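> For reference, the chains in residue letters:
Protein chains: 2
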Amino acid sequence: MKYSFASRTASLLSSPMRLIRENAVRDSFISLAEELPAEELFPIKLLKESVHTVFKAGPEALQYGEYEGYRPLREWLAAEWEQRKYITVHTEHILLTTGSQQAIDLVIRLLVNPGDTVLVENPTSPGCLQVLGAQGARVVGLPSDKDGVLLEALKAGIQSEHPKLFFAAPSFSNPTGSLWSAERRKEVLELCRQAGVLIVEDDSYGDLHFGRRSKNDFTKDYPSLFSLDGAGQGGSVLYIGSFSKTVAPALRIGWAAGPSELIRAMSSLKQMADMQSSTLNQRLLYQLLVESGFDFHNHLALLNREYETRLKLMLELLKRPAWQDASYIMPQGGMYLWVELPGALDSLALLKAALPKGVAFLPGPLCTAGAGGEHFIRLNFSHPGRDELLMGMNLIGESIGEFTARS
Amino acid sequence: MKYSFASRTASLLSSPMRLIRENAVRDSFISLAEELPAEELFPIKLLKESVHTVFKAGPEALQYGEYEGYRPLREWLAAEWEQRKYITVHTEHILLTTGSQQAIDLVIRLLVNPGDTVLVENPTSPGCLQVLGAQGARVVGLPSDKDGVLLEALKAGIQSEHPKLFFAAPSFSNPTGSLWSAERRKEVLELCRQAGVLIVEDDSYGDLHFGRRSKNDFTKDYPSLFSLDGAGQGGSVLYIGSFSKTVAPALRIGWAAGPSELIRAMSSLKQMADMQSSTLNQRLLYQLLVESGFDFHNHLALLNREYETRLKLMLELLKRPAWQDASYIMPQGGMYLWVELPGALDSLALLKAALPKGVAFLPGPLCTAGAGGEHFIRLNFSHPGRDELLMGMNLIGESIGEFTARS
Numbered sequence: 001m002k003y004s005f006a007s008r009t010a011s012l013l014s015s016p017m018r019l020i021r022e023n024a025v026r027d028s029f030i031s032l033a034e035e036l037p038a039e040e041l042f043p044i045k046l047l048k049e050s051v052h053t054v055f056k057a058g059p060e061a062l063q064y065g066e067y068e069g070y071r072p073l074r075e076w077l078a079a080e081w082e083q084r085k086y087i088t089v090h091t092e093h094i095l096l097t098t099g100s101q102q103a104i105d106l107v108i109r110l111l112v113n114p115g116d117t118v119l120v121e122n123p124t125s126p127g128c129l130q131v132l133g134a135q136g137a138r139v140v141g142l143p144s145d146k147d148g149v150l151l152e153a154l155k156a157g158i159q160s161e162h163p164k165l166f167f168a169a170p171s172f173s174n175p176t177g178s179l180w181s182a183e184r185r186k187e188v189l190e191l192c193r194q195a196g197v198l199i200v201e202d203d204s205y206g207d208l209h210f211g212r213r214s215k216n217d218f219t220k221d222y223p224s225l226f227s228l229d230g231a232g233q234g235g236s237v238l239y240i241g242s243f244s245k246t247v248a249p250a251l252r253i254g255w256a257a258g259p260s261e262l263i264r265a266m267s268s269l270k271q272m273a274d275m276q277s278s279t280l281n282q283r284l285l286y287q288l289l290v291e292s293g294f295d296f297h298n299h300l301a302l303l304n305r306e307y308e309t310r311l312k313l314m315l316e317l318l319k320r321p322a323w324q325d326a327s328y329i330m331p332q333g334g335m336y337l338w339v340e341l342p343g344a345l346d347s348l349a350l351l352k353a354a355l356p357k358g359v360a361f362l363p364g365p366l367c368t369a370g371a372g373g374e375h376f377i378r379l380n381f382s383h384p385g386r387d388e389l390l391m392g393m394n395l396i397g398e399s400i401g402e403f404t405a406r407s
Numbered sequence: 001m002k003y004s005f006a007s008r009t010a011s012l013l014s015s016p017m018r019l020i021r022e023n024a025v026r027d028s029f030i031s032l033a034e035e036l037p038a039e040e041l042f043p044i045k046l047l048k049e050s051v052h053t054v055f056k057a058g059p060e061a062l063q064y065g066e067y068e069g070y071r072p073l074r075e076w077l078a079a080e081w082e083q084r085k086y087i088t089v090h091t092e093h094i095l096l097t098t099g100s101q102q103a104i105d106l107v108i109r110l111l112v113n114p115g116d117t118v119l120v121e122n123p124t125s126p127g128c129l130q131v132l133g134a135q136g137a138r139v140v141g142l143p144s145d146k147d148g149v150l151l152e153a154l155k156a157g158i159q160s161e162h163p164k165l166f167f168a169a170p171s172f173s174n175p176t177g178s179l180w181s182a183e184r185r186k187e188v189l190e191l192c193r194q195a196g197v198l199i200v201e202d203d204s205y206g207d208l209h210f211g212r213r214s215k216n217d218f219t220k221d222y223p224s225l226f227s228l229d230g231a232g233q234g235g236s237v238l239y240i241g242s243f244s245k246t247v248a249p250a251l252r253i254g255w256a257a258g259p260s261e262l263i264r265a266m267s268s269l270k271q272m273a274d275m276q277s278s279t280l281n282q283r284l285l286y287q288l289l290v291e292s293g294f295d296f297h298n299h300l301a302l303l304n305r306e307y308e309t310r311l312k313l314m315l316e317l318l319k320r321p322a323w324q325d326a327s328y329i330m331p332q333g334g335m336y337l338w339v340e341l342p343g344a345l346d347s348l349a350l351l352k353a354a355l356p357k358g359v360a361f362l363p364g365p366l367c368t369a370g371a372g373g374e375h376f377i378r379l380n381f382s383h384p385g386r387d388e389l390l391m392g393m394n395l396i397g398e399s400i401g402e403f404t405a406r407s
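Top line first, the protein sequences correspond to chains A and B.
For what it's worth, full-length UniProt numbering labels the leading residue of the first sequence as 1, then goes sequentially.
For what it's worth, full-length UniProt numbering labels the leading residue of the second sequence as 1, then goes sequentially.
A few of these clues could be false.
A pair counts as met if it fits within one copy or between any two copies, since identical chains are not told apart.
Capping the alpha-carbon separation at 20 angstroms, the derived lysine to aspartate or glutamate pairs in EDC-like fashion look like this [stated by the list, open to error]:
(1) K56 with E39
(2) K48 with E291
(3) K319 with E388
(4) K48 with E60
(5) K146 with E183
(6) K186 with D147
(7) K56 with E40
(8) K45 with E60
(9) K2 with E261
(10) K146 with E340
(11) K2 with E161
(12) K2 with E190
(13) K2 with D116
(14) K215 with E308
No lab work stands behind these hints, which were simulated from the structure alone.
All of these numbers come straight from a predicted model, not from anything done at the bench.
Start from the sequences, fold in the hints, and give me the full structure.
Okay, structure coming up:
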């Protein structure tokens, strides 16, 4: 039988991620392509205690629950943001989702008709680009400097494209790990407000900041667009985030917070998409967060110290001869390094040479709106341990060497 | 700020389910509207032991896992179907989803362009109708008799509408609980095969069969369309199901199984929708299923005996004067009774009268393709205990009485 797929699903089906994942099941394969946190840092012992408490409370933990998500967890989030991020948001304006990827999918499904234009920072999150492609959006990528997206480009994009929304990750974008300045944040918000353009602010990596600053200090210096907008009161920002990178991905817990009209509509759409996220996991996470033995901020500090160490090792390895003339943006946080390959090497060709050696990375085009990104790769430094990182970078270096020797 | 929602999301946002759910948070509110299994029958003690084993195995249970779902669980499913449902299916042709609702959403997103026609049995699952509405499908409802969808209507629908797919639940459809005869199953499959129309077979309630038959006996008498089609080999059936009704909803584990081309594409789409379902929950369910103290078939038999008892009580209550002249289809399994109201009462008007009394049911239009269903309601008998059921049916009866007394 022949199946005829809906238009716009084609791009999904031909993605090089398939190739990477088919290889990744091999023994001792090293993937620097994935979006994985370090599992040896999961708070597994305390989660074990939490699960005990949750089960003891009775069978409701296994039943369907509130469609918007477990209320005490939403209340915890509201209190945490108030204390640490200077955001005052009502519990009703928070929707718990199956990871931040679902929040992105829901808001784009809700707002974007095929042919609508969406502005993104370029490069941007591959997960967001996939959703935009499948929804039939016209995606326009905007350039940035070290302080964030360029205002002039944003202004021109808004004027010429009448975009439906602007997707941005001001704190440690995937893939570049860049950090917008406070000034740029205010200017961008002001511009979008005036033009009536919704900003979807992806803060999935926002808690992973390096340089040993406390969360309060960091948030004072780099307020989220959402807090600058009055946390949903302004109505110009939808705020997306996740516990996948800070606690554990298998809980599948992310959120969207923002204007009540949007949250209500996303909640209806979510019921259609998967009824609701797991009550069990939400109760489990909540229990962990209030567990006396667990301190979320100490845990974040631990992650950030460790990830910064791993990043430094990766930067050391980039000094080796094979990587000569490669350049990169210095990340201030997050989980990725965005590298421009030496000798204008093509990242997809390099991937095909690297896979048989047992290593993978993410080719730049997957993070790029429209054409481009061919000479870039995204490297994950949060997951691989020291040995894996050494080996992985060596193997990619070897592959690069084969190309540069040939030319 | 004004938001302009994508076309076709409007129907979602105005659904009467909102009204029901806003009321359902009230104390001592009785909802016969929801799709809830009985939580007192959850295997909570054994799940507690399973979770212990899963955590002991290490942090991988909390990491991202295989995008298609935890392999041992897919293998368990394949073995179970082989033994109990006479279905031989390769592990690679099974995709684990966040409940069966996600499987429905994914296949419709994958195949249906706005304006494409989809055939459904009428009445049909409200969750499916929501997805079809949001995807912009033209939905054509087909009538049934006691043996299943009417062949002539299906034939005419295929010829005049060139549908993209036919959505059916031959074993205990939501809402009618009807059961197609073996003969009708074969005829429907043959017809769709010849016409090249994909059948999406929703078997979410298929294990909830009454009359104390063993699963093997039941499956021999009522083979799934999927097994008749050679389990994906024929390519004409996509098979959808769930553990939400048979183990626990909060695990959020459903599946799609079928032709490899479809499963691969749905898997890519799923990565875009929510990356993946919870590894933790999948490992937990797997552990329960292989736990020595747990027998899935005994557990199903227990559920089925109890649900049949609850159904009988509901049928008794329908003999009371207020319900006089109400009629219903006798369900052979599942969780719902589909009732035609006495005196051509309007179900939405009745709902509005019943809500202040503290009781809800599902109005028929939510289960109906196009217009219609006004005089029907769906009652859930699996969740309410004896007292709740008595009270709930009395309160609805009271509301009916107010209308019939007036007329």
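> Which constraints among the numbered hints does this structure fail? Numbers only, ascending.
none
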